[in-house]
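Novice: Read in order, the letters of the sequence shown are residues 1227 to 1510 in the numbering used here.
Simulated from the structure, these hints should not be mistaken for lab results.
From a predicted model like this one, the values you see are computed outputs, not experimental measurements.
A virtual CB, placed ideally from N, CA and C, is assigned to each residue, including glycine.
Do not take every clue at face value.
[Claimed, not checked] Derived CB-CB ranges, DEER-like:
id, residue 1, residue 2, range
1, P1316, D1283, 17 to 25 Å
2, Y1307, D1393, 27 to 35 Å
3, F1305, R1359, 54 to 62 Å
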Amino acid sequence: MWLFDCGEGTQHQVLRSDLKISQLTRIFITHMHGDHIFGLMGLLASCGLAGNVQRIDIYGPPGLNEYLQAASRYSHTHFSYPIKVHTVTPGLIYEDKEFSVHCGALHHRITAFGYRVVEKNRPGRFDVEKAQRLQIPPGRLYGQLKRGEVVTLEDGRVINGADLCGDTEVGRKLAYCTDTVYCDGAVELAQDADVLIHEATFAHQDADMAFQRLHSTSTMAAQTALAAEAHRLILTHFSPRYTPGNPVEFRDLLKEARAIFPKTEMAHDFMSYEVPRRRYSVAS
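Build out the structure end to end from the sequences listed, making use of the hints.
Specialist: Below is the structure:
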């Protein structure tokens, strides 16, 4: 489980959900404003109480490590598991066999970063029957061919695993951009993203306030998704001013965004969204 930002009370929301805090391995912090970090110490302490946390890596801007060290020192909090803080700069910040994570600069009142998570492509479904017709012996070779590798059989035949696999499963892409006013950095992070999670603090009518405070309106978020050719937009980080009965309500933010980018949703507590997979033919 990975977490992006950690507002106050995050650990309580995790406990109310189906998530298991013991499975948390990575936390990505966008910037050092309190509404994005005030829950961090409480969450890390709760992870220690869970008892079976192996290690947590935390990624974020300069000052994050000093903040955690000071909070730990003055609260006399000692963690029973290792924590590694990574100070990020724009570019690749993490990679494993399945995913890569890049960060990019956003435009806010203090140093702020957005994140882009890219799942690596996977070979399509392996055609076992075709492999059997070709009299390829099962075992280790099947594993290599499933990965799309080229193998040489004992009889000298050269088999390309791609010829035995269906359409490649394209790695899914997720972008997370908050806090920021509209900027090229957010568009770049969200390029061709399957889902863009973007702040929408203000309604369009409050654009002047958004520029003053360097936050986005619902329409700025939609324009980012449109310019990036994203496939889905999920709005979050709403100002509490848009309550029922006011001239502008939460639902109006959704209408404004959908007028520009129809495939828009509004985030809500405990919302779950499964990012769909896309496929393409190897021949293309």
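Novice: Enumerate the violated hints, using their earlier numbering and listing them in ascending order.
Specialist: 2
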